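**Q** Read off the chains here:
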Amino acid sequence: MRTAFIETLCEAAQLDDRIWLLTADLGYSVLETFAQRFPRRYLNVGVAEQNMAGIAAGLAHSGKLPVIYSIANFPTFRCLEQLRNDICHHQANVKIVAVGGGYAYGPQGYSHHGIEDLAILRALPGMTIVAPADPVEARFATRAICAHAGPCYLRLGKAREPVLHMSPPTFQLGRAIQVRSGRALTLISTGGMLQESLAVAERLAAEGLVPRVLSMHTVKPLDEQAVLRAAAETGGILSVEEHSVTGGLGSAIADVLALSGCRVGFFRKFGVPDRVSHEVGSQEHLLSLCGDLYRLATSAVRQSRAA
Amino acid sequence: MPSAPASRDAVEIELESLRALGRRIRLHVLRMVHAADASHVGSCFSMADLLAVLYGAALRVDPARPDWEDRDRLVVSKGHAAAAVYAALAERGFFPVEWLDTYCQNGSRLAGHISHHGVPGIEVSSGSLGHGLPIACGMALAGRCDERPYRVFALLSDGELDEGSNWESILFAPHHGLDNLTAIVDYNKIQSFGTVGEVLDLEPLADKWRAFGWSVREIDGHDYPQILASVSQLPPVAGRPTVVIAHTIKGRGVGFMENQLAWHYRSPNAEQLAAACREIEAAR
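Each protein sequence line maps, in turn, to chains A and B. Everything in the first sequence is counted per our numbering, starting at 1 for the first residue and increasing by one. Everything in the second sequence is counted per our numbering, starting at 1001 for the first residue and increasing by one.
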């Protein structure tokens, strides 16, 4: 995904000389192409995320379109107040890009687990939050945030994610992509969890439980209509995210369902349990500790039908 | 041929007009803070003379065009001294002086900490410390990249220098040769809980900035000729950012407020307001 991002950013920067790329000394073997092509608009600020975010605000205030880049929680939590005060409050045209959302840096330990970013950034007024599912969505998302005036957060995986969209989807910020149609239930996933959602959907479909699958690449603003249609047209909703179950996609969907007063067959969240964890391991290992998506789906359908 | 120096009389007239502006800023601040039952008079007064010189003489700004592309930018990072900044802007003609009566009132544009929204002349909102200098670095970078003539100033408090984010910028600006950037430290030696020396000593402050690669000018921040000189002919050294360390007195201008920690917080009552105004009006 990060390759798709940097290639697309270079294309955008070729056409738009307002685009700058700032890094807090991370992005080795990723950012060099931009640095070589646009040396006057590339800046490594050193290991100093607060300064990077403030500089970006100052650049945006001067008509530039800065993209700040780092990994995991560094471009968000480390400079959260700069994001809140200097960027969002001023509606500054700054794009924040994190590589390694979720457990992409799983073996590196807790400091590198980006599992609360969606929750915390969702609370910032004016922040658009995008978590593409695969390199195809990452390209669309990069173009879309550069074209969107205002603060955006782009949460990327890392590298070598498979392409899930075999044909180009219709991509629009704030509009979910229906990747698979069905009625038994709806899996609403964000980010790279679309891959697991599609795999589980395949198993469910084989058993006659044909699910709808939505790629909710934009977590904010959420595609509320897609959620409400899923509630009305399918057996229930399961949110799927590589993120804490507190405050992320699942919570955003729960808000929509509860406030609309609509009837929904069931609603479940798949995500990272809200508890202190000392677990180390691969992305797959850490995700396996979040539970079994297939079992969660089948038990939800069973319970709903029994009720 | 060098241009003829301004006559001594002309210089004196300008200085007297700037001093009068400083007094008017202080009077506005007193009335605003009293009416709002607000605080931070001491912080406003320590930098009132700096603001008078900046808005009265040094900054290339145009109140009729607050967004003029080539204006000098002043980022006031010590957002708690908002009343003085609003007063200076009103005096400079950015908005009607009557607006000052709304300071901190319900529905006002003039928040207790500097707010940009709907307030001509304010570059950015501030209030949480340690945000202004990074933003000023970004503005300076953009100005240099676009070869614009504007200069960027960041006005910081001393207590604010406890924030690590400033030191990220203090490292950054010389590395990138941002000589269109000038930081001004309002070094009044008192922060929220005591003297700077007691809470977290900054000394040797000038040496620290110098060691990081800045051109350092140290001045008496209440001496108008010194202030004027410090923000003239910038940068003193090409390729380096400049810092003006302005030694100031918290609460300067009103005897019973000077160097008193309490006046970081207190709001003058009617009697104190009258006494303070009398003292400022009598000062020459």
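Rather than coming from a laboratory, the hints here were simulated on the basis of the structure. From a predicted model like this one, the values you see are computed outputs, not experimental measurements. Take these hints with a grain of salt, some might be off.
Said to hold, decoys possible - Covered stretches of chain B (chain A as the covering partner; in silico rule of three or more C-beta atoms under 8 Å from a C-beta of chain A): (1) 1030-1038; (2) 1116-1128; (3) 1156-1169.
What the hints assert, rightly or not - Residues of chain A clear of chain B, computed beta-carbon distances all greater than 10 Å: (4) R40; (5) K64; (6) E81; (7) Q82; (8) S111; (9) E196; (10) S277.
Backbone N, C-alpha and C fix where the C-beta goes; we use that ideal spot for every residue, glycine too.
**Q** Looking back at the numbered hints, which does the structure fail to meet, lowest number first?
**A** Going through the list in order, the structure violates hints 1, 4, 5, 6, 7 and respects the others.
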